[in-house]
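Peer 1: Sequence:
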Amino acid sequence: MAAVQVNGIYKRYGETQVVHGVDLDIEDGEFVVLVGPSGCGKTTLMRMIAGLEDISGGDLTIAGTRANALPPQQRSISMVFQSYALYPHLSVYDNIAFGPRIRKEREGAFRPRIEAAAKMLNLSNYLERLPRALSGGQRQRVAMG
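Be aware that the sequence shown starts at 409, since it is given in the numbering used here, and climbs by one per residue.
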């Protein structure tokens, strides 16, 4: 991941401002968790950073490039929500490999990345298991992979 800077980002729906001037610096490779009460704007902020929601004002910079108007696929941003969405009929490996396969990457090209992610997430011993055979924490880690 590249460095992400959020400077004075806000979101309005009509006259109602729902995200108020957020500033955030995320270093390259840093792991970030947003925590707060329901309705405080966590999901809206993440959707703006990912490009799934328009930014009403402020600046978003990814890897030194202003990204306010970049489409989602050019931002290379990932996020995981508390309620994870896994394909129940796919193994841990296949769930993690779903994105590269959809992008038609060669299996040999992404396999080392999948294995490295599984090792980092302490999932190496579970790559052949289906989600129903995992604990809640393991499922969350698969979603992060």
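Keep in mind the hints are simulated off the structure, nothing from the lab. Warning: the hint list may mix true and false statements.
[What the hints assert, rightly or not] Simulated crosslink set (DSBU-like; lysine-lysine; CA at most 35 Å straight-line):
(1) Lys450 <-> Lys512
(2) Lys527 <-> Lys512
(3) Lys450 <-> Lys527
Since the structure is predicted, the reported quantities are computational estimates derived from the model, not experimental observations.
Peer 1: Against this structure, judge whether each hint is valid.
Peer 2: Taking the hints in turn, this is what the structure says about them:
1. Annotation: proposed proximity of Lys450 to Lys512 holds, straight-line Cα distance about 32 Å (limit 35 Å).
2. For a cut-off of 35 Å, the pair hint linking Lys527 to Lys512 stands: about 23 Å separates their Cα positions.
3. In summary, the hint linking Lys450 to Lys527 is supported, as the alpha carbons are separated by about 29 Å, within the 35 Å threshold.
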